[in-house]
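Chains S and Z, in that order, are what the protein sequence lines are.
Numbered by this note's numbering, the letters in the first sequence go through residues 186 to 879 in order.
Numbered by this note's numbering, the letters in the second sequence go through residues 186 to 879 in order.
Check each hint, because a few of them may be wrong.
Each pair may be met inside one copy or between any two copies, as identical chains are not told apart.
[To be verified] Quick list of in silico lysine-lysine cross-link-like pairs, DSBU-like style, CA-CA up to 35 Å:
1) Lys753 x Lys589
2) Lys865 x Lys878
3) Lys818 x Lys589
4) Lys414 x Lys257
5) Lys865 x Lys765
6) Lys817 x Lys865
7) Lys840 x Lys738
The hints are simulated quantities; they were obtained by calculation from the structure and are not laboratory data.
Protein chains: 2
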Amino acid sequence: MYPVTLDGTSVDCKREEIKDYFNNTFSLYEKVFEVLKNDDVFYEKSEITRHPMIFYFGHTATFFINKLINMKIINERINPDFESVFAVGVDEMSWDDMDGSNYSWPKVDAVREYRAKVKELVDELIMTLPLTLPIKDDSPMWIVLMGIEHERIHIETSLVLHRQMPIDLVKTVDAFNICPNSSSTPKNSMINISACEIRLGKESSHNLYGWDNEYGSYIESIAAFKASKYLVSNGEFMKFVEAGGYENSEFWDEEGREFLKLTKVTYPTFWVLKDGVFKYRTLSSEINMPLNWPVDVNALEAEAFCRYKSKEDGVKYQLPSEAEYRAIYNEAGLQDIPAFHESRANLNFYHYASSSPVDEFSFNGIYDVVGNVWQWSRTPIRGFEGFKVHEAYDDFSTPTFDEKHALILGSSWASSGNLIMKYSRYAFRKHFYQHAGFRYVVSNQEQEKETDLYESDELVSQYCEFQYGDTYFGVENFAIATARIASKFATNKTKALDLGCATGRATYELAKTFDKVEGIDFSVRFVQVGAKLKSDGYVAFSSKEEGELLINKKVTIEDLGYESLKEKVSFWQGDACNLKLNFNSYDLVMATNLIDRLYNPRLFLDSVEERLNADGVLVITSPYTWQESSTKKEFWLGGYRDENGVEVKTIDSLKAILGEKFELIHLQDLEFVIKETARKYQHTISEVSVWRKR
Amino acid sequence: MYPVTLDGTSVDCKREEIKDYFNNTFSLYEKVFEVLKNDDVFYEKSEITRHPMIFYFGHTATFFINKLINMKIINERINPDFESVFAVGVDEMSWDDMDGSNYSWPKVDAVREYRAKVKELVDELIMTLPLTLPIKDDSPMWIVLMGIEHERIHIETSLVLHRQMPIDLVKTVDAFNICPNSSSTPKNSMINISACEIRLGKESSHNLYGWDNEYGSYIESIAAFKASKYLVSNGEFMKFVEAGGYENSEFWDEEGREFLKLTKVTYPTFWVLKDGVFKYRTLSSEINMPLNWPVDVNALEAEAFCRYKSKEDGVKYQLPSEAEYRAIYNEAGLQDIPAFHESRANLNFYHYASSSPVDEFSFNGIYDVVGNVWQWSRTPIRGFEGFKVHEAYDDFSTPTFDEKHALILGSSWASSGNLIMKYSRYAFRKHFYQHAGFRYVVSNQEQEKETDLYESDELVSQYCEFQYGDTYFGVENFAIATARIASKFATNKTKALDLGCATGRATYELAKTFDKVEGIDFSVRFVQVGAKLKSDGYVAFSSKEEGELLINKKVTIEDLGYESLKEKVSFWQGDACNLKLNFNSYDLVMATNLIDRLYNPRLFLDSVEERLNADGVLVITSPYTWQESSTKKEFWLGGYRDENGVEVKTIDSLKAILGEKFELIHLQDLEFVIKETARKYQHTISEVSVWRKR
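One chain only, chain S, in its complex shape (with noise of 0.2 Å):
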């Protein structure tokens, strides 16, 4: 089954094509999880740093209702509790929480007869969403084009993380067959690949769903150079292991040292050594090295071959990049899928749900340019010229722009739908591993330039000026003022909350009064700036002047003296509407400017007071700038007339709401500037209200 395309003549038959794709992929992420031996297995972690399996088989509907909730397609959750446990997590980031002892995690079954509740519902939602072709991104059935394509790259992770299990802990499944054949170890040469000018990046236009970051364009000029014929099979990478690669530090960058010295091995991962020989472990079953398969490594370990045998020959050999693969591509006579047909290449789980020989697939001479297992390249993930995120999924790529994710490349035997096409791009860092090897080439192409350090993303830039930058027309910093009088009212000083944290400024300084302080704001691309001043030292934002001409300003953890603060805060993605229980026991919950951008305050309000200590303190600042973008008119807190025609103000109705259980202390104005350019600013007049709990 290929991905649905956006055009189309008839909107009922698309409304079939997408069911048909939607029930495929769902029930193909539940195929997966039988690979568990039994429900126990569901609270097993196959790696340190994830999530125990539940949370994965409850993540992919999760996500569906949590992003129709935040784009108001719909305004019902189903379970609150799972959309909240389930609802972030994946990649390894420092501010996501890993700690399972957080959670009690429900029952299977209980997981199972929610994924179908969230199944009957997506169904339902893709006949009646009102549906016009094209499919734009702005369409409510790009949100469930988006819910699939997600759970689709969750069967690729899935199936690695199964891959990672105790064998003891899974089992054969049938529709998941092992390749049969295996044989010595082919010799692998050089192909040469002409010179020729490359254009990455997807047109707006493109009849299939792709993430943000797949579209804009980038153009580079590639001189000849030439490629490895085949992907590097077990049987190369064991001459590296078996000449002692591993333990030779000249083959590692400072990357990979410190890979080798936090993890200690010594070989590849899925290699097992079982009496003093090496066996090989697929899915579900450890089989006799198959010599003339793809090694399996992470982007360290491909590197780290590449200079042994640079040294080996005396040529330097290294990853290709983006533009260099796609040369392969071109070179190959591939073209995108349904023009070559999945029969043609180890992808799709058209063949096998294992690799296959290394010299199975050609293409024009060249084998495995797609499918098999993903190829790591030298390139770090960057948004193309005219990259704009998505607002539904606003970190799907940004937090990857960090020049630590490395693009893997030409898909897996474990890929299907958006991960098999032309123009997907999906990265990691570069210890992460996943159905990926590599190939080789030898290129004169020129290192790529490190994009520097500053953020560039202008939201964030915006935010990291109001909150680490200057102050304009007088009025002080926002973050230093709002964490003042929040510390002034507290009783307690135990533990505080920064809800709606943005960058971060006023954890850090709330951090000056109180023992531990968490921030949560509901974007990662936020959030991480808080959590990066914590981990490297300093924030460094570029901000605009005149059009597109902009200042870059970096600020140090010791120019602002939280230095010594740093280990009583932490960083968290979070959903002020639906948090998770761990977030509780707070002295001060202080909500900056937040309350007039969720999808429905109340459910945050209503739900406050039992996230406080006694004598906990609520502080809400707020300029109640009400928006249909951001809230549903019905889930306004003021803003409107009544039925009767009566001005509703929000401060009256933050009266109303929080009046039984809360006091109301404190009541004033604060004023804060943010600048757009050097010459034009908002200056907004917020209300500041301090509650104190029954």
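Please build the complex by placing chain Z on the supplied structure of chain S, with the hints as guidance.
Relative to the frame of chain S, chain Z by itself:
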């Protein structure tokens, strides 16, 4: 020929359809001008308040170019002079320029040549513009459709103007055939219309082009009522004339009496009194009075007739409301074209280029529900709930939302295109003539309450508050401050131009020191505020406080102290990048917050010196907030890096462009604050540069 549908399955076929529709429209318009006896007649006006016909001949072609330029679909003008002189001035608006002596009109053949060039360009664009189906209102092709439908309107209104031309200046054109049938007055009677709920307004997904005022929704419950079977015929109206109806002021309201006083008319405009006998004027002939054809009158005459007939019969007759008309439409079982075939009514030039008997086209026993002549309603045009202006033509409807423009319904023999469609809505001042008559109703429907006089257009209101409202953060009123600075530096004080005058405050302020001040803005939505202050003596607007809550503010000309200044100011619609030639001989040109909103600021800067007298002063204020939505990046004056990577700042470009012809004599920052809500403001630092002509 019917309007092109927006949906479809083949982009190529759609292009062909649009091209056919465009060519049909463009050539039909030229055919209409064949009614003028010879080229000399193109320089005649058919009515004192209108332009000579040459204007209208050029105008529909220029409209395409101006909209395409403004929407940045094309960059190059075909003929800047024509596109200035033929730009605006269709409705009779006090701020528009109807004084023919200001122009030296081009030769008719030159305009014919110009039209041919425009046709060639539009033909090419239709074949090459990016196009996906359905065509949405943000598609470049929408602008082409806008140009076509705009020309359809002028086909209808030009046929009114030609019919008003002296009979010896027009000739018979075969394509426009006059109905040969007429007879004695048919007896009118009343038909019962059932109670019903009426929903007006069309969906944004409707498959035909629409003007902004057609979209949104409006619901009204209609009680049962009666409507006249026929439109009022010349014969029926004759009784009113013979009864001295035009002389009896009790039948006329204040506006009607004013109309009679000014025009001194005593019978309908297309009646011709010859030797004591009424003849009837068709497009290009005078014929014996067709007693059974509908009378052509304006709304004031129609209302007077209703009052006369009410007195005669002792029953209250009135014009139908918009919703009542829809109830008649439904009762008659009508459907929109194409389900309803054009042959079934007198419209779309299918039968005649004239009216026809009122008892010829029946729909379920009600006659001429559509076609023959337009039918005046008693409903002033207003936007429906959800109304939004289209950015390419933001003054199509809003200037008519003044409670003074009444809707005409049902289309006429001269209607085609959008004009004959169910959802179209056109409105005119009540003294205006169209091919329009009326039918009367007896209904107990309450008079619609007048909407309040407060400007509700959000952007216009924001500017009213900015110019006439309160000050915030201690920042002085910007219009007053800029006018003071400009007056200080101007050497002579005879005539000033306030370019980008918005709602006109600085125009009045400059009149404190200048003998004469002209205020020009691109948008009629804005200039009508300054014009209204002059004509009606006040500015009234609604300022946003929180969410949707507003406060109404009203400032009178006395409050402002401008009573003695109002004869010195005048307001005009104009394009700073292509100003009409008659705007010249200024001692001061003040361009306030303008240059970073022009589609090509160089065009303004390169020509402004010619508008100034010796020693003339140019004052530019701007925060240089360049944005692609206003100005394509290639036309920015600053805020980018040049090909050498050097930062280009706007002030440096201004010095380079203006330096040869001007001396920079003053430079300062000047703050301004625009209120968005009671708590949210734009706080901007404009740069004021003052330049004296060398």
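Results for each hint:
For the identical chains of this complex, Lys753 and Lys589 are intra-copy neighbours only, at 26 Å inside a copy versus 67 Å across copies, given an alpha-carbon limit of 35 Å. Taking the closest pair of Cα atoms, Lys865 and Lys878 come within 35 Å of each other only across two copies (30 Å); inside a single copy the shortest separation is 40 Å, beyond that limit. For a Cα distance limit of 35 Å, the shortest separation of Lys818 from Lys589 across copies, 33 Å, qualifies, whereas the shortest one inside one copy, 42 Å, does not. With identical chains, the CA atoms of Lys414 and Lys257 are never at most 35 Å apart, being 50 Å at best within one copy and 50 Å at best between copies.
For a Cα distance limit of 35 Å, the shortest separation of Lys865 from Lys765 across copies, 32 Å, qualifies, whereas the shortest one inside one copy, 38 Å, does not. Both within a single protomer and between protomers do Lys817 and Lys865 lie at most 35 Å apart by alpha-carbon distance, with minima of 29 Å and 20 Å respectively. For the homomeric pair Lys840 and Lys738, the shortest alpha-carbon distance between copies (29 Å) is at most 35 Å, but the shortest distance inside one copy (41 Å) is not.
Consistency note: the structure conflicts with earlier hint 4 alone.
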